[in-house]
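Colleague: Protein chains in written order, with our numbering: chain A, 58 to 361; chain B, 58 to 361.
In case anyone wonders, no lab produced these hints; they're calculated from the structure. In this text, all values refer to a predicted model and were calculated from it rather than measured experimentally. It is possible that part of the hints are untrue.
Which copy is meant is left open, because identical chains are indistinguishable; a pair holds if it fits in one copy or across any two.
Claimed, not checked - Capping the alpha-carbon separation at 16 Å, the derived lysine to aspartate or glutamate pairs in EDC-like fashion look like this:
#, residue 1, residue 2
1, Lys269, Glu343
2, Lys165, Asp107
3, Lys165, Asp141
4, Lys269, Asp161
5, Lys269, Asp121
6, Lys165, Asp111
7, Lys157, Asp169
8, Lys269, Glu227
9, Lys165, Glu321
10, Lys157, Asp230
11, Lys211, Asp298
12, Lys328, Asp258
13, Lys297, Glu321
14, Lys211, Asp146
15, Lys157, Asp141
16, Lys297, Asp322
17, Lys206, Asp161
18, Lys328, Glu205
Protein chains: 2
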Amino acid sequence: MFDHVAIIGLGLQGGSIGLAIRAYLPGVRTSGYDISAANRDVARERCLVDRVCDTGEEAVRDADLVILCVPPCAMGTVAEGLRDAIPADALVSDVGSSKKSVADALAKALPDHLVIPAHPVAGTENSGPQAGFASLFRNRWCIVTPPEKTDLLKLTELVAFWEALGATVEIMDAEHHDLVLAVTSHLPHLIAYTIVGTASDLEEVTRGEVIKYSAGGFRDFTRIAASDPTMWRDVFISNKDAVLTMLQRFTEDLTALQRAIRVEDGEALYKHFERTRAIRRSIIEEGQDDARPDFGRADHDGDA
Amino acid sequence: MFDHVAIIGLGLQGGSIGLAIRAYLPGVRTSGYDISAANRDVARERCLVDRVCDTGEEAVRDADLVILCVPPCAMGTVAEGLRDAIPADALVSDVGSSKKSVADALAKALPDHLVIPAHPVAGTENSGPQAGFASLFRNRWCIVTPPEKTDLLKLTELVAFWEALGATVEIMDAEHHDLVLAVTSHLPHLIAYTIVGTASDLEEVTRGEVIKYSAGGFRDFTRIAASDPTMWRDVFISNKDAVLTMLQRFTEDLTALQRAIRVEDGEALYKHFERTRAIRRSIIEEGQDDARPDFGRADHDGDA
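Chain A on its own, in the form it takes in the complex (with noise of 0.2 Å):
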């Protein structure tokens, strides 16, 4: 296993990964850089990492894991950046939510290095060094892309890494990886942060009005668009060709229930809503989800 884990970035991600190494992995020792001072200063408040340093490169040095918590554009300039810091036989991993093409950056940016790309489906809708907490990865999915031919040994020290923060592993190609989170973690977040827009921009109907009724759906969808919006720029960028493929897809499908609407098609409407229900039964018996009714938070609405 690692000795020394170097977390370049302590935002959600950055900062999930050094709380949980701490609560999970006490014997490894933890170091960290943050491109924003102000982060820096939480990061030390909250002890996100056993060090927190002032520059990358020296967050980096000795470190035998090294992992890029950056948003996906930025990964391969800030690992040009750090090329001749990381020791010769570190093993550089990062977070990136698309794979292809931080696979293709990191892969340029350090030639001479062993990379191995990983993405934890794990997440919330906070973002920066206050929002991590050690149990972010717990019963969640890491999905790894190796390249081709890679260090199997590291690849297993990587995984055994990744199980001991509370994840299930999956080995995975990266171009297969970013169709399968196209569809389910990209498309979402663009649609939710449309319609979010289309709402604000009404002029019919007041943004307090909104507001004010939107647990009539509305408000589920708003969780996702507060999601950190460099991040996100930046998914949408990297992974552009598979999510305009599935966002076309999306929007074949809506100018066929828009035309049902228009023709009042009651048929075709039932027949569409009644397969939709079939997924979410799936979700919640594969324990992806929580069972009770509105998430769980009616609880905290009223007093059920």
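Dock chain B against chain A, hints included.
Modeller: Just chain B now, with coordinates in the frame of chain A:
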């Protein structure tokens, strides 16, 4: 206040009204009817109302408030069928999610009765006689849309009734209600139904993968896409004009974001994504959602 409330349709809404009356208005008698014999059996087992009747006529006899809790497009037919049985001085109301077309249908079906439509903005993804619970309306809005000329005393009594069940009442014009709900509830449901359908039809990504990695955002959409298909078919048809108007705006906004992704206009994406955070903040400040990350389900998922 009312002495005897008759509830027609004993699903999530009707059942919850019955249970809420027993809990918060213990002096009031309740009777109820559901077109499905199986639902009536469940209603009897769960004691959703004091007396479950085998006909609607029997249920409304001697009632001074009749609440129709059937799908929007069935309102007119159901009301017409009960016209001769509903006492002449009874107030008739409903819980339909669209108001203009329902109000028109009820006014036409019951020309000699006093009708004051209402819409409790409360629900869960569950439906049927098993789904109701007494606190469904607590801390939720109930929008009442009286016709221009109405009996103000009866209106006051209806408002007091919903307040006794825990709701906060707003009086609104039916057309405006339909626009507000089109954006806060109907469009979100349509989008959610669409994306869940799109995801289940892909060839490149299996349904198993969609379910497995749904925590990346997709699972939030599956909750509302599991709502009652009959009711939602009727909502879209009965509020067609407002839904199509809002959908048009949404599509324009989505196309603009799609273009920004295609041309990699990071600045446009960032600007949009930053703006949408503010709405989430307001929803939480106004107590319309749970402030905990992931709606608080993180507490359930892991051990944070």
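Colleague: At most 16 Å between CA atoms: does that hold for Lys211 and Asp298 within a copy, between copies, both, or neither?
Modeller: Classified as neither; 31 Å inside a copy, 59 Å across copies.
Colleague: Within, between, both or neither: how does the pair Lys165, Asp111 come out at a Cα-Cα threshold of 16 Å?
Modeller: Classified as neither; 26 Å inside a copy, 74 Å across copies.
Colleague: Evaluate Lys157 and Asp141 at a C-alpha cut-off of 16 Å and name the case that applies: within, between, both or neither.
Modeller: neither (24 Å within a copy, 69 Å between copies)
Colleague: Given identical chains, is Lys211 near Asp146, meaning Cα to Cα at most 16 Å, within a copy, between copies, both, or neither?
Modeller: within (10 Å within a copy, 80 Å between copies)
Colleague: Could you place Lys157 and Asp230 in one of the four classes (within, between, both, neither) given a Cα distance threshold of 16 Å?
Modeller: Classified as within; 9 Å inside a copy, 53 Å across copies.
Colleague: Could you figure out if Lys165 and Asp141 sit no more than 16 Å apart (CA to CA) within one copy, between two copies, both or neither?
Modeller: Cα proximity of Lys165 and Asp141: one copy only (14 Å, versus 80 Å across).
Colleague: At most 16 Å between C-alpha atoms: does Lys297 with Glu321 qualify within a copy, between copies, both, or neither?
Modeller: The answer is between: 8 Å across copies meets 16 Å, while 35 Å in one copy does not.
Colleague: Is it within, between, both or neither when you check Lys206 against Asp161 at 16 Å Cα-Cα?
Modeller: within (14 Å within a copy, 69 Å between copies)
Colleague: With identical chains, the pair Lys269 and Glu343 could be close in the same copy or across copies; at 16 Å between alpha carbons, which is it: within, between, both, or neither?
Modeller: between (34 Å within a copy, 7 Å between copies)
Colleague: Is it within a copy, between copies, both, or neither that the alpha carbon of Lys269 lies no farther than 16 Å from that of Asp161?
Modeller: neither (46 Å within a copy, 26 Å between copies)
Colleague: With 16 Å as the alpha-carbon cut-off, assign the pair Lys297 and Asp322 to within, between, both or neither.
Modeller: For Lys297 and Asp322, the Cα distance is within 16 Å only across copies (11 Å; inside one copy 35 Å).
Colleague: Given identical chains, is Lys157 near Asp169, meaning Cα to Cα at most 16 Å, within a copy, between copies, both, or neither?
Modeller: Classified as neither: same-chain Cα gap 19 Å, cross-chain 68 Å, threshold 16 Å.
Violated hints, listed in ascending order, are 2, 4, 5, 6, 7, 9, 11, 15, 18; each of the other numbered hints is respected by the structure.
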